[in-house]
Amino acid sequence: MDVQFFGANCLVFTSKDQRVVVDDNLSALGAKSVTKAGDLTLFTSKQHQDTPNDVRMVVDMPGEYEVGNLSIVGIPARAHMDEDEKSLNATMYKLTAGELQYLVTGHVFPALTDDELEAIGIIDVMFVPVGGNGFTVDPIGALKLIKAVEPKLVVPTHYNDKGLKFEVPQQELSDALKEIAMEPKERVQRLKLKPMELSDVTQLVILERS
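By numbering that gives the first Met the number 0, the letter at position 40 of the sequence shown is numbered 39, and the numbering carries on one by one without gaps.
These aren't lab readings, by the way, just hints derived from the structure by calculation. One should not assume that every hint holds.
To be verified - Derived pair list, reagent style BS3-like, types lysine-lysine, alpha-carbon separation capped at 30 Å:
#	residue 1	residue 2
1	Lys143	Lys85
2	Lys45	Lys161
3	Lys15	Lys193
4	Lys191	Lys151
5	Lys177	Lys164
6	Lys146	Lys191
7	Lys143	Lys161
8	Lys146	Lys85
9	Lys191	Lys31
10	Lys45	Lys93
11	Lys35	Lys164
12	Lys184	Lys164
13	Lys31	Lys161
14	Lys35	Lys177
What the hints assert, rightly or not - Ranges between beta-carbon positions, derived for each pair:
#	residue 1	residue 2	range
15	Lys193	Glu166	35 to 43 Å
16	Gly162	Arg189	14 to 22 Å
17	Glu171	Asp16	32 to 40 Å
18	Glu63	Asp174	35 to 43 Å
19	Ala180	Gly37	37 to 45 Å
20	Arg189	Leu28	16 to 24 Å
21	Lys193	Gln48	31 to 39 Å
22	Gly97	Asp174	12 to 20 Å
23	Pro194	Glu166	32 to 40 Å
24	Ile121	Lys15	21 to 29 Å
25	Glu98	Gly29	35 to 43 Å
26	Asp16	Pro51	15 to 23 Å
27	Asp113	Lys31	38 to 46 Å
We put the CB at the ideal spot given by N, CA and C, even for glycine.
Throw the hints in and build the complete structure from the sequences for me.
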């Protein structure tokens, strides 16, 4: 599984027979959409941009999906701005490819419930927003999520990007990392992992914007 980051919370997972695009709201942020014909598109919120008619499927709600050798589980969650504890207006996605399990949290309330943690289970790679300012999870919330999930690898998303026009200014990645108090292991253009490359201690990798 190959993972690319396109800014904001937009990620593209590519396997031999399928592309999965997560949160491609780039056109609303002044950038070009990366969604192509035949893609499976996932959104962590129901408030999202329209997708081309020729995508394979649009998913913006909880459920279980099988696409080729890829398993996807949409986990209902409370959105970070929801005041009602029982509101479940966000969806986290757990993707399993081979022996690796990925989690895209999206803009969730950082105090996960026992049911959410049980559904998440063991995670190898976790993608978590850090930009804060009311628009998404802030670094303190991100750290709370990291400690709860205990992934082997953390990849921060949704921070300030000069190429994107956010409605609310997002924190700089460097400032967010200081609050999280995690030093990046490395910076990569694409994330392509093997299980034996992962440490038992949670590490952080910066995935450069493609």
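Hint-by-hint comparison with the structure:
1. Lys143 / Lys85: holds, 20 Å
2. Lys45 / Lys161: Cα-Cα ~26 Å, so holds.
3. Lys15 / Lys193: Status holds; Cα separation ~15 Å.
4. Lys191 / Lys151: Since the Cα atoms of lysine 191 and lysine 151 sit roughly 14 Å apart, the hinted pair holds (cutoff 30 Å).
5. Lys177 / Lys164: Given that 30 Å is the threshold and the Cα spacing comes to 24 Å, the pair holds.
6. Lys146 / Lys191: Holds - the C-alpha atoms of lysine 191 and lysine 146 are around 24 Å apart, at most 30 Å.
7. Lys143 / Lys161: Between lysine 143 and lysine 161 the Cα gap is close to 27 Å, so the pair holds against 30 Å.
8. Lys146 / Lys85: holds, 23 Å
9. Lys191 / Lys31: Given that 30 Å is the threshold and the Cα spacing comes to 24 Å, the pair holds.
10. Lys45 / Lys93: Holds. Lysine 45 to lysine 93 sits at ~17 Å (cutoff 30 Å).
11. Lys35 / Lys164: holds, 22 Å
12. Lys184 / Lys164: OK: lysine 184 and lysine 164 at ~28 Å, within 30 Å.
13. Lys31 / Lys161: holds, 14 Å
14. Lys35 / Lys177: The hint is violated at about 36 Å.
15. Lys193 / Glu166: 35 to 43 Å: Check passed, 39 Å falls within 35 to 43 Å.
16. Gly162 / Arg189: 14 to 22 Å: Given about 18 Å between the Cβ atoms, the range holds.
17. Glu171 / Asp16: 32 to 40 Å: holds, 38 Å
18. Glu63 / Asp174: 35 to 43 Å: Since glutamate 63 and aspartate 174 have Cβ atoms about 38 Å apart, the given range 35 to 43 Å holds.
19. Ala180 / Gly37: 37 to 45 Å: With a Cβ separation near 41 Å, alanine 180 and glycine 37 satisfy 37 to 45 Å, so the hint holds.
20. Arg189 / Leu28: 16 to 24 Å: The hint (16 to 24 Å, Cβ to Cβ) holds, given that arginine 189 and leucine 28 are roughly 22 Å apart.
21. Lys193 / Gln48: 31 to 39 Å: Holds - the Cβ-Cβ distance for lysine 193 and glutamine 48, about 34 Å, lies within 31 to 39 Å.
22. Gly97 / Asp174: 12 to 20 Å: Violated, since glycine 97 and aspartate 174 (Cβ atoms, about 35 Å apart) do not stay within the stated range.
23. Pro194 / Glu166: 32 to 40 Å: holds, 39 Å
24. Ile121 / Lys15: 21 to 29 Å: Roughly 24 Å apart at Cβ, these two residues keep to the hinted range, so it holds.
25. Glu98 / Gly29: 35 to 43 Å: Because 38 Å falls inside the window, the suggested range holds.
26. Asp16 / Pro51: 15 to 23 Å: Given about 20 Å between the Cβ atoms, the range holds.
27. Asp113 / Lys31: 38 to 46 Å: Since aspartate 113 and lysine 31 have Cβ atoms about 41 Å apart, the given range 38 to 46 Å holds.
Consistency note: the structure conflicts with the earlier hints numbered 14 and 22.
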